[in-house]
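Starting from the known structure of chain A, fit chains B and C onto it as the hints suggest.
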Amino acid sequence: MPELGRAALIVCLGLAVYAVGGGAYAAWTGRRRLAESAQNAIIASFAAALVASGVLLGGLLRHDFSLTYVWQHTSRELPDPYVVSAFWGGQEGSLLLWLLILTGFSSIAILLARRSAPSLLAWTAPVLGGVILFFSFLLVAVASPFATQAAQSDGLGLNPSLQNPYMLAHPPMLYLGFVGLTIPFAFAMGALLARRSDELWVVVTRRWTLVAWTFLGFGQLLGAHWAYVEVGWGGYFAWDPVENAALMPWLAATAFLHSVMIQEKRGMLKIWNVLLVIGAFALALFGTFLTRSGILSSIHSFTESSIGPWFLGFIGLVLAASIALVVSRLPLLRAKTRLESPVSREATFLYNNLLLVAFCLTILWGVAYPILTEAVRGEPVTVGPPYYNFFLKAFGLPLLVLMGIGPLIAWRRASLRGLGRTFAWPLGVALATGVALLVLGAGSSLPGLVGYTFCAFVLASIALEFARGTRARRALSGGSWAAALAQLVGRNRRRYGGYVVHAAIVLLAIGVIGSSAYDTTRERRLGKGETMAVDDYRLTYLGATSERAANAREIRAVVDVQRGGEHLGAMRPGKNQYFAEQQVSNEAAIRSDRLNGEDLFLIAEQIGPNAVFLKVLVKPLVNLVWVAGFVFLAGSLIALWPDAREQRRLALRYGRHEALARA
Amino acid sequence: MELLLAAVLAAAVVVFVAIPFLREREPPAPLEPPEEALVAAEERDRALAELKELEFDHRTGKITDEDYRALVQPLRQRAARTLTNGASLSERTPESSGEQHLSARSSPSSRRDL
Amino acid sequence: MARRASPARLVIALAVATMLAIFLVYTAIAGGTPQLRPSELKGRTGEVSLVGKVVGKVSGDARRSGLRFRLRDVEGGASIAVVYRGSVPDLFKSGRDVVLKGRLHTGTFVGTPNTLSTKCPSKYVAEKKS
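Chains as they are written, first to last, in my numbering: chain A, 605 to 1267; chain B, 9 to 122; chain C, 16 to 145.
The shape of chain A in the complex, shown without the other chains (with noise of 0.2 Å):
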């Protein structure tokens, strides 16, 4: 079977060859067949992949041992679901899946766009297959998913604490939104190809866009909540570079997003926005570069991965290329409106691009500058979270607040006499849960007590939208409340459902405040039947278990919680003994709290029938972190959801002549 998958990946190059060279002739010269033809092998690299994509699968569920992936990244005694994950557990198959979901992606643009913008689409094309041409290259020549050796009576096995549920999505959905941001790049690049001056790449790629940044959001905090339930240090984000390799490229793509509505609404700002979609599918690539080398810590471990040279090649080709092109196309760029205002819409949305670049750029700074240093200087040298956190409150803090004034202010020019009527609500909600929290103690922590005032004047600024909206609908059209909203909403889906997700992040940012700046963290060795006390809670050890599970061996201290008086049962931190990979992991035991968020994290260590070494966090409003995933789920659902009077309209605008010659 080997064979079959190698030849599948050999076709799957040839037809990217195809795709490059025939469609950027047949784009230059205008011919149409063969520009179609160069799409066809597009479409069919999905074909190849598929087919390359299904021997792996299949070798991994037979057990194929003889296959040198399917033996070092599982074993006979691995559950069927997580064999499916060492599909992408391992460097080869990784890449596979990146090529198999981009060749995915680029179809169903291609077969989209054939109808909606056929001239575009014929430089989009080349491009595509570009990208599509790199990762073939990669898995035919230098990593490749089929490499065969004797077969073995067992394999390796799966690291257990990849062993989860959270683990057989995260990687995928991170995967979708690196390549999803491929889309938009290549529309870009074919729009500056094409020497384009209108925005048609602009609304084509949309909702690409915005589907690849959900799904790099989500996508993270799925990996945030793994951390945090599965590695267990009571923690969720720790700023590892594999961590801001995902990171970076959502900022950019969160920045694009904004920007992008500035050029729709204004007509400025091309240039930048070409600049960030070029960033932000560079920082993709990167983020797959650091995520498959392994730790970016030192020059060491960047040389042993086989791939690692070759991505950082192609990245500085893509940057070289599309730098250049955009420059030979400055001309086309240039805006023909100006920022007339300081204390605009437009110059709220730009201060916020800056600040989310800034943030992006402090975070490759980071990651990168070991490696600076280390060249310069001999020896690298690290950042850590401090650094970080730094600059996640400098940046971060403003950008909160301009999540609440953005949406207040008017197009163009607002004056200082209309600000202060509409402000006047939001503030005086701030301040009031300032002096509020203030008097509950919540003084302790000064970047806590800002934030949370800004997040309550975000969240008093949405909640002025979505009833001042209301109630002009309704003024207009009559009926219920209810109906008004329903109707509000549905006629302004993007705008409505971009303040869902403002509001999600506010919840976010109340969850990663109340976790960071207001938790308790206590740690000391505990006898049998003592009691130590942290916050309102008291914590007494029981005694140790010791269970034989299907793979491991189960060690648990037993301690009993109470709180106030009241009993809240028994929590079960421990260690797992695995027998075949001949490892322990930590089994943290977390208790949350339905009612005000909040979590108890216990750690144990040192398990002993007569003691332990228990380490005991309180994590005020946590859970709102994962709540926030949801609600941003569902605001971007809104914003994506089709609207067929847009859809009329776009049609009409770029395919006018086409309905007039069909009349």
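Keep in mind the hints are simulated off the structure, nothing from the lab.
Where hints are given, some of them may not hold.
[Stated by the list, open to error] Each computed SDA-like pair below joins lysine to any residue, with the alpha-carbon atoms no more than 20 Å apart:
#1 134/C with 1080/A
#2 869/A with 85/B
#3 57/C with 985/A
#4 1219/A with 1148/A
#5 869/A with 28/B
#6 57/C with 1076/A
#7 60/B with 1076/A
Showing chains B and C alone in chain A's frame:
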């Protein structure tokens, strides 16, 4: 067996890629509006959308009456301009722009009209 | 044709320049711990990150008087003595590659509490514990 499957895949792929060439000649250019008309249409939609949003912002109280009065006139004028612009551009009827496409098709060095 | 440049461009350029300046200053002053191998440690004072492979016997208790082990360069060479208190990652054992912060004190590397973490080279996720 594997080689057979690989051969089938390769053959299918080649056929699929060749399908457009099985037509005898180049299909006619898709009747898309010329660049200027597209840009003008976008301008027009933008101006109309701005007016609509101004109305909405005024109705929801974000813009005071005085600001509204100051802003609405120039916006209306701009919108009117873009409407006449767009109308004059689409006055170049489908037939005349169709001729443009035909002449473009016959010159293989034309890059833009596809 | 005289045309006033949009203030947007100026704002962007200034903002980018300011940001770069802030990063450079921050990392130059406050930022970063050098990451060294045991062979590079001689004579270094101040807090550093030490990367290496655990060799020999591991003794002691990280939660009491201190975990004692020896660390050498991943590639090989002489080892130095390390004493560490704090949380120990589950994957920690002799033969693993680890990183921890601390400073050299009379020939022994004294680890900063709760900074020990392991690197797991063959799987794509690093174990964290801090």
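Structure-based check of all given hints:
With a C-alpha separation of about 63 Å, the suggested pairing of residue 134/C with residue 1080/A is violated against the 20 Å cut-off. Pair hint residue 869/A plus residue 85/B holds up; C-alpha atoms about 17 Å apart against a cutoff of 20 Å. Restraint check: the Cα-Cα separation between residue 57/C and residue 985/A comes to about 17 Å, which is no more than 20 Å; the hinted pair holds. Restraint check for residue 1219/A and residue 1148/A: satisfied, since their Cα atoms lie roughly 16 Å apart, inside the 20 Å limit.
Proximity of residue 869/A to residue 28/B is assessed by CA-CA distance (about 39 Å); at most 20 Å being required, the pair is judged violated. Taken as a hint, the residue 57/C and residue 1076/A pair is broken in the structure, with Cα atoms around 74 Å apart against an allowance of 20 Å. For the given pair, residue 60/B sits about 13 Å from residue 1076/A by alpha-carbon distance, which is consistent with the 20 Å threshold.
Figure legend: structure checked against the earlier numbered hints; hints not met, in rising order: 1, 5, 6.
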